[in-house]
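Chains X and V supply the protein sequences, listed in that same order.
In this text, residue positions in the first sequence follow the numbering used here: the first is 1, and each later residue adds one.
In this text, residue positions in the second sequence follow the numbering used here: the first is 1, and each later residue adds one.
In case anyone wonders, no lab produced these hints; they're calculated from the structure.
No experiment lies behind these values; they were computed from the predicted model shown.
Across the chosen pairs, the derived CB separations fall in these ranges:
1) LYS273(X) - LEU100(V): 24 to 34 Å
2) LYS273(X) - PHE114(V): 21 to 31 Å
3) ASP166(X) - LEU243(V): 47 to 57 Å
4) ARG205(V) - ILE68(X): 55 to 65 Å
5) PHE119(X) - ILE123(V): 45 to 55 Å
6) ALA300(V) - THR347(X): 26 to 36 Å
7) CYS119(V) - ASP121(X): 41 to 51 Å
8) HIS328(X) - GLN112(V): 26 to 36 Å
9) LYS185(X) - LEU109(V): 50 to 60 Å
10) ARG257(V) - ASP344(X): 12 to 22 Å
Don't be surprised by glycine CBs; every beta carbon is placed ideally from N, CA and C.
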Amino acid sequence: MTAHRQKDISLDLLGITKVYPGAVALNNVSLSIRSGEVVGLVGENGAGKSTLMKVLSGAIAPDEGRIIIDGEEVTSLTSARVHERGIALVHQELNPFSNLDVTANVLLGREIRRGMFGFLDRAAMESKVAPILARLGTRFGPNDAVSGLSLADQQLLEIARALSIDPRLLILDEPTSTLTLSETKRLLDVIRQLSADGVAVLFITHRLAEIEEVASRVVALRDGRNAGTLGCGEITKDAMIRLMIGRDLGQFYEKAEHDPGRPVLELKGLRTKAYPQHPLDLCLRAGEILCLTGLVGAGRTELARALFGIDRIEGGVLEIEGQRLVGHSVPAAIAAGLCLVPEDRKTEGLFLDFSITENIAMPSHAALSRAGFVDIGAETALAEASRHKLNIKTAGLGRAAAEMSGGNQQKVVLAKWLAMKPGIIILDEPTRGIDVGAKAEVYRLMQALAADGVALLMISSDMEEVIGISDRVAVMCRGRIAGTLARDQLTEETILQLAVE
Amino acid sequence: MQKKDIGLATLVMTVGAIVAVMNPRFLSPINLANTANLIGLFGLFSIAEAFVIVTAGIELSIGSVIALIGVIFVDLIASFSVPWPVALAIVMVLSVAIGLLHGWLITRLKLQPFVVTLCGLLIYRGIARFYTRDGTAGFTFGSDFPMLEYLVAGRTAGVPHSVIAFLLVAVAAWFLLHRTVLGRHLLAVGKNPEAASFSGIDTNRIIIQAYVLCAFLTGISAVFFAMYTRSVQPSSHGNFYELYGIAAAVLGGFSLRGGEGSIIGVVLGVILLQVLQNLVNLLGIPSSLNFAVMGSVILAGVIADTQFSRYRDARRQAIAMAALEDGGKPQA
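Only chain X is shown next, with the shape it has when bound in the complex:
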């Protein structure tokens, strides 16, 4: 595990393009890394970092571009071939095998065998795993069950798994998001050591301070394109943010003054399925944009699902326009004027194979039918009006929703709800994965709706967005509402303080 220096690695990605029907994930992106370098890859949500990782790990094939490893062009990358080349990935999503123990997880697929029957050589496996765990300073040992490990421990387990192949290139995708401060510090030390040993490290994170600390070079992505690089002396938080955002924030977020009106949505001691131990109180007023933020897993989406009637409410009262909502279900919520633009528009928001018209008309069928028959004329008129109002760009409203760009898909989801003339709209990560132009349109639309007296509850993890357009911010932390901030109190620091307790 120690300083046996391996063959140097060079990896070049040249002009990588990956297009999904409905979204351009990567547009002519290039990235190079050499032995001993620690490259920080930064970018906002949806900038294309994860897609680039998937290309590198062989999970998806790019539509265009070349991958060159050790000076040799690799045409079809598979995860087996990636391993052979000494490239190890630590994914952001953790998928440990909770039915196996730590040793079995770390060496899965690379078990050590012995004897003519090829039985597992347990002792040899443990003696390989133990020093890796020691190096990471884990609280768990090689024989511990994985089912009992915390998220942070599972993260360290994944890192141990990557280190166990003695990688020449280690790719870490948001490895510290669940780690405590001391674990993070330890991991950064390990990264420094590895790089001194000649290992190349590609480090992807939103925590810019960590990159400042360890990176020798920074590559920034924005909207699926290269946004620039920073060399050794230039790596500062401000410089990275400038590359990631690439525009003047003040112009991007036009903040209108809203006068919050009467309360339209009130939660009194509401208990959700995810965190039934924490009763929630919250009040949303007509004409305001209230943002619900917090770390992943804080219970924001779960709250939205409960409000919309997807998940059961475990207790407490939900009042809309002063009326207690009875018969808790999605149709009841819609009837009360509440709607939800869900987090995952491809599975929850849209019927990808259905036409744009059918998608927009889906919830409005009661209004658009006569004696149970769909009024196709009215349906088309509604879709046409929505296309005009929301500037939906498409070759035709009869086209499948799958054929549109992400931003236009999101506009279709918005259109289908705006047709219901809701009084309250919950938007769960409304701008995730959509391009800048569409983002600006979504923001403008939200401002216009608020000005018309619609109450908006936006869930977002994008700090710039949270600070940029909210009238008020409620920060959630482990199922509780940790605090509410007025507009003049909004800074990244005040929000984060509440989010992490």
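Since the structure of chain X is provided, determine the placement of chain V on it from the hints.
For chain V alone, coordinates are given in the frame of chain X:
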């Protein structure tokens, strides 16, 4: 008419033309009327099956329901002298109850449709056989129900009434699936139940309605079959009919994953299956090969269909790439 339907119609015509050329008896009035009668009988429950398949479900008990309902219908009239309209009402209520039961088990108890209806297949067949003590339920010699027989097994201008019933049901089903809100919701629930519930559709209610509709049409079909055979032998009556129904629906473009299909397609699918049967008989192909011929044609149809969807996905990718090229060449 969708492109898929046109393809299927071409296939039906081609097979029909080949049979007609090789054996002109295919076009004889008596053969056409018989084939049409079978198309009508099989078509009724195939449309029933299609409504369940479109919700991504499956109904395996159709053959057994046809046996059970047939036995009860005949026995009510023959042994209990129940007037036939009353007997008809009783068996239709019973059919709907079966559909409700299936829908309830699937939506409320969250059982898989395959398992629920497989159990139904075994249970209803067993009850039918027990009810008749494994004998045959038939009308006593000389009994006569002219009105009922005229309505169900008669002909108008040479057209069997089963065909007329099938066409009426097909037209109603077409409007239901392709023009009503319920139809739209059936497609939506089958395609993406999650997005459907996020759109405020009561997915459980829609699924229950599909099974009830299926059972109702199966009940009508059962009465037609009982009057066609005039006696019901419960150990074999209706065996494998659910598979004919599934085959016709799949040929007609219904995906077992749900959310897709057209009524015109399933009608054409039923016609194709019966013409193939007829082909086996008329061309002197050993009738033991009957199922093998049918299976091969269905397999070929499904392969053609998957190739079509791959082509569609490739086209979408190409459109997306083209949009990228238009939107300005990527900069370095």
